[in-house]
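Those protein sequences? They're chains X, R, S and G, same order as listed.
Counting from 1, one number per residue, gives the positions in the first sequence under our numbering.
Counting from 1, one number per residue, gives the positions in the second sequence under our numbering.
Counting from 1, one number per residue, gives the positions in the third sequence under our numbering.
Counting from 1, one number per residue, gives the positions in the fourth sequence under our numbering.
There's no promise every hint is true.
[Said to hold, decoys possible] Listing some non-contacts, in silico: residues in chain G with all C-beta distances to chain R over 10 Å:
1) Arg-28
2) Ala-217
3) Glu-226
4) Pro-262
5) Pro-275
6) Met-276
7) Thr-289
8) Gln-312
9) Asp-336
10) Glu-376
[What the hints assert, rightly or not] Derived pair list, reagent style SDA-like, types lysine to any residue, alpha-carbon separation capped at 20 Å:
11) R/Lys-216 to G/Ala-215
12) R/Lys-139 to R/Gln-244
13) G/Lys-216 to R/Pro-77
14) S/Lys-216 to X/Glu-308
15) X/Lys-139 to R/Arg-338
16) X/Lys-334 to X/Ala-315
17) R/Lys-216 to G/Glu-214
18) S/Lys-216 to X/Arg-67
19) R/Lys-216 to G/Glu-371
20) S/Lys-139 to G/Ala-215
21) G/Lys-216 to R/Arg-67
22) X/Lys-334 to X/Pro-291
23) R/Lys-334 to R/Asp-298
24) X/Lys-216 to S/Ala-74
25) R/Lys-334 to R/Ala-198
26) R/Lys-139 to R/His-129
27) S/Lys-216 to X/Glu-214
28) X/Lys-334 to R/Leu-233
29) X/Lys-334 to X/Thr-373
30) R/Lys-334 to X/Tyr-231
31) G/Lys-334 to S/Val-292
32) X/Lys-139 to X/Tyr-231
33) S/Lys-139 to S/Ser-235
34) G/Lys-216 to R/Arg-338
35) X/Lys-216 to S/Ser-235
36) G/Lys-334 to G/Thr-289
37) G/Lys-334 to S/Thr-266
38) S/Lys-334 to S/Thr-289
39) X/Lys-216 to S/Ser-75
40) R/Lys-139 to R/Thr-149
These are computed hints drawn from the structure, not numbers from a lab.
Quick reminder that beta carbons are idealized off the backbone N, C-alpha and C, glycines included.
Protein chains: 4
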Amino acid sequence: MTATQSTPSQASNVPAGNLGPAAYRQGRGGAITVGIVGATGYAGGELIRLLLGHPNVELAGLYGRNRDHQPIAASHPNLSGSGLVIDGAIPHADAIFTALPHGVAAGMATEIVAQGSALLDIGPDFRLHSPADYPIWYKFDHPAPDLLTQAVYGLPELHRAEMRAAAGRDVTVIGLPGCYPTATILTLAPLARAGLIADLAVDAKSGVSGAGREAKADMLFSEVNESVKAYGLFSHRHTAEMEQELQAQGEAGPLLSREANPGVATVDFLPHLIPMTRGILTSCHVRTTRPVTQEELDSLYAEAYQDEPFVQVVADPPSTKHVFGSNLCRICVKVDPRSGRVIAIGAIDNLIKGAAGQAVQALNVLFGLPETTGLEHYPLAP
Amino acid sequence: MTATQSTPSQASNVPAGNLGPAAYRQGRGGAITVGIVGATGYAGGELIRLLLGHPNVELAGLYGRNRDHQPIAASHPNLSGSGLVIDGAIPHADAIFTALPHGVAAGMATEIVAQGSALLDIGPDFRLHSPADYPIWYKFDHPAPDLLTQAVYGLPELHRAEMRAAAGRDVTVIGLPGCYPTATILTLAPLARAGLIADLAVDAKSGVSGAGREAKADMLFSEVNESVKAYGLFSHRHTAEMEQELQAQGEAGPLLSREANPGVATVDFLPHLIPMTRGILTSCHVRTTRPVTQEELDSLYAEAYQDEPFVQVVADPPSTKHVFGSNLCRICVKVDPRSGRVIAIGAIDNLIKGAAGQAVQALNVLFGLPETTGLEHYPLAP
Amino acid sequence: MTATQSTPSQASNVPAGNLGPAAYRQGRGGAITVGIVGATGYAGGELIRLLLGHPNVELAGLYGRNRDHQPIAASHPNLSGSGLVIDGAIPHADAIFTALPHGVAAGMATEIVAQGSALLDIGPDFRLHSPADYPIWYKFDHPAPDLLTQAVYGLPELHRAEMRAAAGRDVTVIGLPGCYPTATILTLAPLARAGLIADLAVDAKSGVSGAGREAKADMLFSEVNESVKAYGLFSHRHTAEMEQELQAQGEAGPLLSREANPGVATVDFLPHLIPMTRGILTSCHVRTTRPVTQEELDSLYAEAYQDEPFVQVVADPPSTKHVFGSNLCRICVKVDPRSGRVIAIGAIDNLIKGAAGQAVQALNVLFGLPETTGLEHYPLAP
Amino acid sequence: MTATQSTPSQASNVPAGNLGPAAYRQGRGGAITVGIVGATGYAGGELIRLLLGHPNVELAGLYGRNRDHQPIAASHPNLSGSGLVIDGAIPHADAIFTALPHGVAAGMATEIVAQGSALLDIGPDFRLHSPADYPIWYKFDHPAPDLLTQAVYGLPELHRAEMRAAAGRDVTVIGLPGCYPTATILTLAPLARAGLIADLAVDAKSGVSGAGREAKADMLFSEVNESVKAYGLFSHRHTAEMEQELQAQGEAGPLLSREANPGVATVDFLPHLIPMTRGILTSCHVRTTRPVTQEELDSLYAEAYQDEPFVQVVADPPSTKHVFGSNLCRICVKVDPRSGRVIAIGAIDNLIKGAAGQAVQALNVLFGLPETTGLEHYPLAP
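Throw the hints in and build the complete structure from the sequences for me.
Right under this line is the structure:
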């Protein structure tokens, strides 16, 4: 990108009315202009970092509540040297990323799409298809149900075609997947599509950055270090997202009815907080609807992911360390010869493939770029 | 204990032929003399630390391969000040603890019991009842199948009466439970006893000290830190122990046949390594054989554990930090109102309740002391 | 101790007017009654844990702002099982420990000593001898300068006689040392007493629990993990304490004038925050006033500490892990054969020898008990 | 770079006799071919990762003892997807990086330079100018003293011109700086050049990856976690390097004799191991040869580093987290108003600016590329 050193809040080269993915893909020219609303949290910071390395993007504006005109380095000392400064308004740009507490992006969405920008929400406001799910899982009434109807669940590996279609419309709203769902849905989709999930326990482990940057006593180093605990029993909001998407995979499969995967009707999702900063490991314990062989599993996953640049199917259980800093999802699936159960394990960097990297990947899909643009980094180890 | 400053390998106050729990409980008098074989590993060190604070124990000898006459502080710098020194032979004592790689204690057992000592094996050599299980799970033929027949699985909360009975016999051999089984069996026993386990996934997380002290490249700080992974898929040796004990609980329950808990026939056990030193959290996902209410669960667990000094049934998911440094097992059990599944979670300090503390608890049972003697420590936090 | 299960705020066995160390040492009988003001922070919790294991203490009351009648386990889940509950008033007891933000204990002190209680302040309000130092280093005017005059700096290894003397007076106020000063002063005292410190750089590293339990964004796990930084340059409040005490040691030495140790006139103290929960390591770089040999150093330190139960002089640089969970201070001092500089390194557990354990040690001194009572724990490793 | 999927051990496009920086800079064309000897350690892995992202480099061969024909992913699972395989011989390439135990690269050096390759040694074999220093500090006699004479200390910020000059010669040997010296020399060079260092204590803290990848019991997670210790007192090999370079800066300064900085004659260097994977923080305590003001310090450092792309002089003490994953060195220098002492603190990622990134920077210097090529990454936080 071109690091815009002062405080641009306008993508001045692009005439109003000529913003958004459709205009860009029709050959408008110039860089893709991008704005970020909610630039001061962990996902926002990571997104800026990635966009600073994206060759086709111009960062047209950053917005963060109560931080107008502050250098971004005050929030993200690692970005000192970028010269970026926080603006005082929602940027005018081809694409606006929102990384905000739930309910906030939904309230801004109408204004954002009205200016022609594609809206890519890193938060949860456009993930669930049914407005009725918001009061149940998120405790708020969705303020923009019409936009919600037009929103696409932005997991390119499963919804690439829908995303591209959305990019050609006047209104482009992408609900980017949550961190746990990204890892879990990718790990289970081939099984769900084949109607193989009879019963399912999703036991996930997350680094602490997923809890965000707000000062909370139970996220202090002294509390988290040398400890592990489960949390959010039976009520974690990401459950709804996993159920929606895994059920949809069942429907998508060949010859499958809605009841293909009884195990995904109510996903047993148990998240854990572990003493690390980044990374999610999701361990999925599956009772299958019929006996499967390892060969069948290997085929299913190879077929599903062999052309996916960011999904690696591996023979040994993956470590989160080996995807740290990358947009990769590494998956291992095995059948237990004693019991016939299937264990499917997925690893991602929660701030990249689980948030900011996935957001950039979605941007690439919308604007017709190679999907790996700006996301080629190998993981960083040790 | 009396810290024996030089290198005693004899409990000299006790005439030969007068050793062991039966002699002690018949009023022999004096301290309980104790020896440790395998004193230089993590479990051995923790056991010494605990026994140094035990009011009724005299540490009669320590043995560690190739370290004869070394101060124990060379192996365990935290025990500098104890003045203890490693001996060159198996100690002559009322009780011998073995903390050794699998197969080694079994080879020494005949000699140890012949001198009248109770044998308490912290390793796995006397945990499985059937000799036939050893070649399958541990890849060795058990060298002392007769002793194995007489061994008791030393989890006092479930086998206290058998342990006491064994203490009255000429041969007293206790197979102390493994770290994962301790947490998991205690967490599930009330459900198993009630015949409630229709299907079961045990997803456990362990600190690294459970992997022992041997220099292995994949246990280096740089490899483990900021990472989580599953390991031992379908083959972890502790699986056999869980199956044996949970099946036995099913049989022990009222009106239950062997088939009471189909979910424990083959336990789906998936252990994970997480970046902390101590602690195990076991998260058990249970499909029940019939619908249960939270009230029923609460009653089952209260009844099972209300008189147990080391088991705390709590209302919120436990953190391993809050049992760190103690012999406690903290358990939380909840039914999912949406799906009817039960989640049962247990937390222990793997080196204490999962190894050395449990060993001391068993010693107390065998020698007729209050079970908490020397184990009264509150957990240490943060 | 006797865990007082309900919420006692009175040491009812002890008639008013008969409280405090003098009464106790004159044979009053009964347990030492103890109250804690500021029970909900890390130091308070650790103090409760230690006192629960102290054989001569009865915990007569706990006080924590805005938490009246809450179980202590709500603040310290590791103390669940103690049955302790927070009271609504300052306890009436032989000794009151205060673990409070600076300035608060000083405001309560007159009331506490008026009831006959000894006051042991874990905070800084009674550490500096000169009232004039408080506005400079702590930015408040000391509200009880008369009590400050009578206060003793409660580091038993250096001020045991003064502490005993204070215990015989009507007013007993102990200013317990800060965590960094405890480690640093013990590490340097023999050098200072011998007038050997010509120049001094104290470079210290602390675990995060020293920053307390308040929710601060820069103490979040995600911020502290995988990072190290210096902080408090030239202004850390513990500097004043080190200067006061090291200068006093210089005066205390044989034949030494005030100018014995020019290096302690202004201590160059640089603290660092490192990614661990507990522990302080202080690395002291000393230019000596004259050449010294290793033998001379060894003699100086052996002489100073050979009878101290909590100070261990060791031959190799100590790890904080090897004093974790104990009241020990482990010290190593070496002269560089190339340059003649001396490196003196000290390690403590900041919450024990640096706070709560030291407080219990001081209690033992005041009430005439063996100094190790309730503090016999070996460090817990790994 | 072009990821060469099979196992090329020859840069086949480049005729023999036409290798090395001089040929390249004279317009030979094509990519810079690069080989790595010692590809399986942490520095080697990091170097591969960086070179995979370098636009002008072709990775012509990897060599790692006893791993011929293994995929690199077996050593570095994060590099799975690169398709790289380890070769069985020293590669034939424009530049050979060696990342080997001390003494090994020196033994291979003659062969490497004979084929025309520039040799960039990440190990210590070409850092010290005097062959006589090797038996003293490294305990071996240097096998190639002639090459050592021609070697340049490869810290571009101080020796850029010499490095460029070396690139024009037939024999190009670069001794790349050690991790501690990189941070420390950059942090102190402006003071040394101004003849300001009267006395110096360097107190450094390193993450564990600096200890390498060999399985050592004291580098196990359980030993390092929750602990800090000093090591290598008075004998750390990096001391020699710091003394050589800081003394040279003194000579380089205006009007300075060799005795300009008495404090660097024998550097008091005390390294510490802290529980993190990556990062070095060096805290330098300086007594100055004359009084200095903060303004003077600010000017000195601004002048020294304002045009350096990888050195950032900052106003607040830097955290290693904020340079993690980058080639940056962040420096803060302050004068103590009370004592006049100067504290200078530097932070780097030890595997990047302290090893592999610095190596790539040196490659860029030698081959005439912009110095930041392939090293533009912002640090990755949190």
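Hints, one by one, checked against the model:
no., hint, in the structure
1, Arg-28, "holds, 39 Å"
2, Ala-217, "violated, 4 Å"
3, Glu-226, "violated, 6 Å"
4, Pro-262, "holds, 38 Å"
5, Pro-275, "violated, 7 Å"
6, Met-276, "violated, 7 Å"
7, Thr-289, "holds, 40 Å"
8, Gln-312, "holds, 25 Å"
9, Asp-336, "holds, 33 Å"
10, Glu-376, "holds, 24 Å"
11, R/Lys-216 to G/Ala-215, "holds, 5 Å"
12, R/Lys-139 to R/Gln-244, "holds, 18 Å"
13, G/Lys-216 to R/Pro-77, "holds, 17 Å"
14, S/Lys-216 to X/Glu-308, "violated, 41 Å"
15, X/Lys-139 to R/Arg-338, "holds, 17 Å"
16, X/Lys-334 to X/Ala-315, "holds, 9 Å"
17, R/Lys-216 to G/Glu-214, "holds, 9 Å"
18, S/Lys-216 to X/Arg-67, "holds, 18 Å"
19, R/Lys-216 to G/Glu-371, "violated, 39 Å"
20, S/Lys-139 to G/Ala-215, "violated, 51 Å"
21, G/Lys-216 to R/Arg-67, "holds, 18 Å"
22, X/Lys-334 to X/Pro-291, "holds, 13 Å"
23, R/Lys-334 to R/Asp-298, "holds, 9 Å"
24, X/Lys-216 to S/Ala-74, "holds, 16 Å"
25, R/Lys-334 to R/Ala-198, "holds, 16 Å"
26, R/Lys-139 to R/His-129, "holds, 16 Å"
27, S/Lys-216 to X/Glu-214, "holds, 9 Å"
28, X/Lys-334 to R/Leu-233, "holds, 8 Å"
29, X/Lys-334 to X/Thr-373, "violated, 32 Å"
30, R/Lys-334 to X/Tyr-231, "holds, 12 Å"
31, G/Lys-334 to S/Val-292, "violated, 32 Å"
32, X/Lys-139 to X/Tyr-231, "holds, 18 Å"
33, S/Lys-139 to S/Ser-235, "holds, 12 Å"
34, G/Lys-216 to R/Arg-338, "violated, 50 Å"
35, X/Lys-216 to S/Ser-235, "violated, 27 Å"
36, G/Lys-334 to G/Thr-289, "holds, 16 Å"
37, G/Lys-334 to S/Thr-266, "holds, 16 Å"
38, S/Lys-334 to S/Thr-289, "holds, 16 Å"
39, X/Lys-216 to S/Ser-75, "holds, 15 Å"
40, R/Lys-139 to R/Thr-149, "holds, 19 Å"
Of the numbered hints stated above, those contradicted by the structure are hints 2, 3, 5, 6, 14, 19, 20, 29, 31, 34 and 35, listed in ascending order.
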